[in-house]
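Using the hints provided, position chain B relative to the given structure of chain A.
Protein chains: 2
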Amino acid sequence: MVARKGTRSPRMHPNMEHLEGRQSVLAALKARQRRFEVILVSHGAHVEKLQEVLDLAGQLGVPVRQADARELDAMAHGVTHGGILAVCSAKPRATGEQLLELVDALREPPLLLLLEGIEDARNLGFTLRSAEAMGAHAVLIKKHLWDLDSVEIARPAGGAYERLPLAQIESVEPLIQLQQRGLRLYGCIAGAKRTLYEADLKIGSILAIGGEKRGLSGAVRSICDAFLSIPTRGQGTSLSLSHAASVVMAEAMRQRWNPSV
Amino acid sequence: MVARKGTRSPRMHPNMEHLEGRQSVLAALKARQRRFEVILVSHGAHVEKLQEVLDLAGQLGVPVRQADARELDAMAHGVTHGGILAVCSAKPRATGEQLLELVDALREPPLLLLLEGIEDARNLGFTLRSAEAMGAHAVLIKKHLWDLDSVEIARPAGGAYERLPLAQIESVEPLIQLQQRGLRLYGCIAGAKRTLYEADLKIGSILAIGGEKRGLSGAVRSICDAFLSIPTRGQGTSLSLSHAASVVMAEAMRQRWNPSV
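Here the protein sequences line up with chains A and B, keeping their order. Using my numbering, the letters of the first sequence correspond one by one to residues 1 to 261. Using my numbering, the letters of the second sequence correspond one by one to residues 1001 to 1261.
Okay, chain A solo, but in the shape it has when bound (with noise of 0.2 angstroms):
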């Protein structure tokens, strides 16, 4: 396996990722979910702005290190690390039978974002965050999710992918025993006849949206409950991946938002 810029220096562990920049390492320590093996601080860096970083990194035994400005940038994958990045193990993935009891310990309707064909690290991290805005419980996945930069997921979902649970399914397996607890597949699709506006989202759904190139693959199509569009004007190619999913959770919001609770 080929080692990646940024997500894999040859000297690290295998399993072993970076996180870089406050506002993700910050998020990945909250959220619990990695192993941290170091956290590095350049000796120039704004010690004042990361101490709630190095506050948390203390309470959970986090070991931190001075580095040199120059070791930081040469191992960072972005210019945006700010003086801080985390050697630490890869985000956890929700398996099938995890996704299943996290529905089951729901005490609400279960809102899942199912992903195909994403292509874009960048894009997942917008995703995600809208994800988490408009209330998934979690966002599933058909992808290597190791194909993708995690640097660059985490930058942009400003926290968003640690804390979201994130299944990556490998067959449509896990869907249709989501379909058997009673949730309903909604193939989110340019030309359905019936409108994102006229399903009932209050119920237990996956929203399922595909890639720009391919759309939604005929396996996870050959299994919908139904198929809905995002109506839209003009001569344009439609939305992007990521902004047609945060106006799908958006409108689940729409229907399950209740000011009085």
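Don't take every hint at face value.
[Stated by the list, open to error] Listed next, the in silico DSSO-like pairs over lysine-lysine satisfying Cα-Cα at most 27 angstroms (straight line):
1) B/K1091 to B/K1049
2) B/K1213 to A/K30
3) A/K202 to B/K1202
4) B/K1213 to B/K1193
5) A/K213 to B/K1030
6) A/K213 to B/K1193
7) A/K193 to B/K1202
8) B/K1030 to B/K1091
9) A/K202 to B/K1193
10) A/K91 to A/K30
11) B/K1049 to B/K1030
12) A/K49 to A/K91
13) A/K49 to B/K1213
14) A/K193 to A/K213
15) A/K30 to A/K49
The set of hints was computed from the structure by calculation and includes no laboratory data. Every value quoted in this text rests on a predicted model; they were computed, and no experiment measured them.
Only chain B this time, still in chain A's reference frame:
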């Protein structure tokens, strides 16, 4: 003024820009808002894929010149030009007066999007794409757009950058004139008591969204007719500007959408 790679090469006329890739060039030719100096096609390019571009360039009398792939690579900002690059005038900005004319000529209630504090060309591109899909008639930007790389705006915009009227406003004066014509200026801000879903967006509306760092300016806030929030939940730092814009515009589309028309 410093020449920036990709947007202006030192040899180009200062008002000339690049467009890179089949989709961006085709959309710009179709929109007929730019003056084309030349279209460069690399020797190795798939001519069949470019046929529509070449045909339209021929009709419009735009010179097409074959070039070395290396020449294109050297001129291009990105790596996704796919063997085609156009040198053309900048996308024209609508003046405040033109904006009023545009609004007066509409046969339906105007829907305008006002963006403040946009820092990222790619996010602007995605925002324009969503705005067009959701029926915006124009986008207003309180920002010197020449700070942003037009290649980076055009690529994710999927042609919307060429088609959508774009006004660059220096003060709130044009907004006040639009209000005098009956448009309501809605400031979208986190924490507003009234949600997006409680506002009437079927009437002529300007939806104002601020950047993630500073939000809407005091000048814009001081003249807003109402403030609206997007209901969200979770610990996330809310939506990104482009995703917030998509959700807000989609709600306007939902309210205005009429399947019987």
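Status of the hints after comparison with the structure:
1. A distance of roughly 25 angstroms separates the Cα atoms of B/K1091 and B/K1049; the hinted pair therefore holds under the 27 angstroms criterion.
2. Simply put, B/K1213 and A/K30 have alpha-carbon atoms about 23 angstroms apart, close enough for the 27 angstroms limit, and the pair holds.
3. Taking the CA atoms of A/K202 and B/K1202, the gap is about 25 angstroms. The hint holds against a cut of 27 angstroms.
4. With a C-alpha separation of about 21 angstroms, the suggested pairing of B/K1213 with B/K1193 holds against the 27 angstroms cut-off.
5. For the suggested pair A/K213 and B/K1030, the alpha carbons sit about 23 angstroms apart, so the restraint of at most 27 angstroms is met.
6. With a C-alpha separation of about 40 angstroms, the suggested pair A/K213 and B/K1193 falls outside the 27 angstroms cut-off, and the hint is violated.
7. Proximity of A/K193 to B/K1202 is assessed by CA-CA distance (about 23 angstroms); at most 27 angstroms being required, the pair is judged to hold.
8. For a cut-off of 27 angstroms, the pair hint linking B/K1030 to B/K1091 stands: about 13 angstroms separates their Cα positions.
9. Distance restraint check for A/K202 and B/K1193: the Cα-Cα separation of roughly 23 angstroms lies within the 27 angstroms cut-off, and the hinted pair is therefore satisfied.
10. Of the supplied pair hints, the one linking A/K91 and A/K30 holds, its CA atoms being roughly 13 angstroms apart against a limit of 27 angstroms.
11. A threshold of 27 angstroms between alpha carbons decides the hint, and for B/K1049 with B/K1030 the separation of about 16 angstroms falls inside it, so the pair holds.
12. Note on A/K49 and A/K91: the hinted pairing holds, with a Cα-Cα distance of about 25 angstroms set against a maximum of 27 angstroms.
13. Annotation: proposed proximity of A/K49 to B/K1213 holds, straight-line Cα distance about 16 angstroms (limit 27 angstroms).
14. At roughly 21 angstroms between alpha-carbon atoms, A/K193 and A/K213 fall within 27 angstroms of each other, so this suggested pair holds.
15. Of the pairs offered as hints, the one joining A/K30 and A/K49 holds, with about 16 angstroms between alpha carbons and a cut-off of 27 angstroms not exceeded.
In this structure, the one hint that does not hold is number 6.
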